[in-house]
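Taken in order, these protein sequences are the chains called A and B.
Take 1 as the starting number for the first sequence in the numbering used here and just add one per residue.
Take 1001 as the starting number for the second sequence in the numbering used here and just add one per residue.
A portion of the hints provided could be inaccurate.
Label-pair restraints from in silico Cβ distances [to be verified]:
hint: 1; chain 1: A; residue 1: K172; chain 2: B; residue 2: G1117; range: 25 to 31 Å
hint: 2; chain 1: B; residue 1: V1302; chain 2: A; residue 2: Q430; range: 47 to 53 Å
hint: 3; chain 1: A; residue 1: K130; chain 2: B; residue 2: A1163; range: 50 to 56 Å
hint: 4; chain 1: B; residue 1: V1302; chain 2: A; residue 2: G314; range: 30 to 36 Å
hint: 5; chain 1: B; residue 1: G1164; chain 2: A; residue 2: K198; range: 56 to 62 Å
hint: 6; chain 1: B; residue 1: I1091; chain 2: A; residue 2: G231; range: 47 to 53 Å
hint: 7; chain 1: B; residue 1: D1160; chain 2: A; residue 2: N412; range: 18 to 24 Å
hint: 8; chain 1: A; residue 1: G103; chain 2: B; residue 2: D1089; range: 55 to 61 Å
hint: 9; chain 1: B; residue 1: Q1055; chain 2: A; residue 2: Q430; range: 41 to 47 Å
hint: 10; chain 1: B; residue 1: Q1055; chain 2: A; residue 2: N89; range: 36 to 42 Å
hint: 11; chain 1: B; residue 1: R1325; chain 2: A; residue 2: D203; range: 50 to 56 Å
hint: 12; chain 1: A; residue 1: N412; chain 2: B; residue 2: F1071; range: 17 to 23 Å
hint: 13; chain 1: A; residue 1: G231; chain 2: B; residue 2: L1171; range: 36 to 42 Å
Think of the hints as simulated: they come from the structure by calculation, not from any bench.
Where is the CB? At the ideal position from N, CA and C, for every residue including glycine.
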Amino acid sequence: MVKFPNGFSRRTVLKGGAALTGAAMAPTVFVRHAFGAEFRNNPGSNATVPFGFNVPQTGAYADEGADELRAYQLAVKHINGEGDGGMLNTMTPKALKGNGILGKKVTYVTGDTQTKSDAARASARRMIEKDGVIMYSGGSSSGVAIAQQSLAQEMGIVFMCGLTHSNDTTGKDKRRYGFRHFFNAYMSGAALGPVLEKEMGADRRAYHLTADYTWGWTQEESIKNTTEGLGWETVAAVKTPLGAGDFSQYITPVLNSGADVLILNHYGKDMVNSLTQAVQFGLRDKQANGKNFEIVVPLFSRLMAQGAGENIKGILGSTNWNWSLQDAGSQAFVKSFGQEYGFPPSQAAHTCYVQALLYANACETAGTFYPPEVIKALEGFEFDGMGNGKTLYRAEDHQCFKDVLVVRGNQNPTSQFDLLEVVQEVPRSQVEYDPSIFGGELGPYEA
Amino acid sequence: MDAILLQILNGLDKGGAYALIALGLTLIFGTLGVVNFAHGALFMLGAFCAVSLQQLLTLSKRIKDESVTFFDAYKEVPYLKIWFGDFGDTIIDYSVPLAIILAIPVMLLIGLAMERGLIRFFYKRSHAEQILVTFGLAIVLQEIIKAIFGANPIPQPPPDVVAGSADIGLLFGLGQGVVYPWWRLVYLAFSLVVIGLVFAFLQFTTFGMVVRAGMQDRETVGLLGINIERRFTIVFGIAAVVAGLAGVMYTPILPPDYHMGMDFLVLSFVVVVVGGMGSLPGAVTAGFLLGILQSFASMTEVKAIIPGIDQIIIYLVAVVILLVRPRGLLGRKGVMES
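Chain A on its own, in the form it takes in the complex (with noise of 0.2 Å):
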């Protein structure tokens, strides 16, 4: 027998060898949460789970950045077991048990977009490689969530996006490792199209000004679709720069041009400056074609509705959500949170609080970190008690679908948070779609 100096034998060697040899081959499905052990940014041992908010703190966004962050921070608190816990008693499936995710507690870590797609990527790349960040998220423009979504592919990192409402996000440049659980723009015509039916009727022509970006294109495209299926006639659509302030040159030629329906298919400070000068120009008192002149805005926010003042007053548009809906999940989010900050949440905060929790749920579910089994555990993943009803995070684009609201400026709120009044809560049914419409692929799970 040979005997090596060191005291092994050949027979000891071989031996080892081949149970080396059989434990690598022995088929890793009998035991559970064998998969990659190493996977980028994998915990490990850590008494701890980094998070990245990456949010628009400067720039035309930076409130909205401000109240996505506040969700996310109540939404950690949540996962960790402190305060009231929110929606965390309302959510049903839950594997979340209030003690952080598989028994580690959550951290986090801020970044700046600046509402730029490059700073967005730079402070995106910065959480994953310096700060080690499991998962990302945060919003505000459709832009810069594409842009990171497919950093997010490249990386091996899941995005949550937060506000980003372009048919692209979930279309053309879906991605594996992004989920959006915020609306769309196809949604949002969908769920206006019977409403504006009802309230002016099918004789109408509509002038659009269109924010000239990805989200504003998208949106033009599926407001028109809706409203030239209703009968509508488009007169016109008009692409304004991003940012142009004053719009009364865009608002002019709408006198004139025969519309009796104005859209602005305009976002945030956008949107304020049109609707605010449209407004004023007198579109809101005109007669046109023997019928009232109407303006709507496709998508509409509390904040923005702050900004626009009395002039969103009787102004139809959409909306994710709002903090005055009536059901459980809501209102656990809205007592916490108005609790924490004395004001209630806004859309953005709502969407970016609910991906915070459902990305945990999803990893407890999985029972592991490891982005490709998180992945699944979120794809077609159904979930109630979270606002607007019984929500699926559907697996061939990672959309979800749910109820979603119209709404109209309130004519007569009955507080100062009081600013839109729902009219309408339209059933997921109506919203949804086929995901080939948009086209896209999806790419794989192993990044």
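Take the given structure of chain A and dock chain B to it, following the hints.
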């Protein structure tokens, strides 16, 4: 015809703002030789004088809002309303015009402090260094405003009496139904009055005569024993007041936010270059001209021929002017031509 009239009015209105900012820029460049990239920030600070006054006038008593049941919320009732009833409401309604009274001393002080505290140290430095430092100052000022007032636009409604639209069709013989916002007409009239006052001040006062002489030949005026430096410092303050007043009155048109100065700065510089660096009539003429051109370029009919022309028209004109007449429309011979 009415579409053309409305676009001319839009152009004049926008041009009024450009002209007021460009007038201040030109005054500073003509007197002190400084390229002031913080001038847009002065426009923004003026607008926030209006916001500050509105917030001051609407200082409120917090009363528990019983309609919010989810959490402890409070609604605010302005003290002016509690103390003076309807008269208090009227004062609040006129907050924008009243802000002019506040803005004049505040902007004068800001202008003087800016010139004495920072700008004067850069008189003998290159234009590039002046641009860098004033641009940096503009960023600092806007970040301070954002820290105090937030990033969202803050609506500033005009007084109720001029909140609606004027039926200008009858005035121009175009029949009923051609309307234009009252406040924009007020703004146009206001900008013309301010421009007139600045020109009258420079033309018909001894101070103005000395300043004009200093703009022509600083050394000779100095040799006559006149403290031209001090007068130029005051001119900087006046330019700040003009920009500030333009900002105050613009707030009902464009709800102010911290970034509004930057949005106007670049365009105003183009206005100055097109009008002629250092030429006051040039700045005013170019302001109105470019405002009108920009409005016409936004017309659907024009955009159908040249798509996107509305976004480049001003820069296109600037390029042509710089190629054909580098000193600008009414610029002095030799300036910017070397």
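Now the hints, each set against the structure:
no.	hint	verdict
1	K172/A - G1117/B: 25 to 31 Å	violated (53 Å)
2	V1302/B - Q430/A: 47 to 53 Å	violated (41 Å)
3	K130/A - A1163/B: 50 to 56 Å	holds (53 Å)
4	V1302/B - G314/A: 30 to 36 Å	holds (33 Å)
5	G1164/B - K198/A: 56 to 62 Å	violated (30 Å)
6	I1091/B - G231/A: 47 to 53 Å	holds (50 Å)
7	D1160/B - N412/A: 18 to 24 Å	holds (19 Å)
8	G103/A - D1089/B: 55 to 61 Å	holds (59 Å)
9	Q1055/B - Q430/A: 41 to 47 Å	holds (43 Å)
10	Q1055/B - N89/A: 36 to 42 Å	holds (39 Å)
11	R1325/B - D203/A: 50 to 56 Å	holds (54 Å)
12	N412/A - F1071/B: 17 to 23 Å	holds (22 Å)
13	G231/A - L1171/B: 36 to 42 Å	holds (39 Å)
In summary, the numbered hints that this structure violates are 1, 2, 5.
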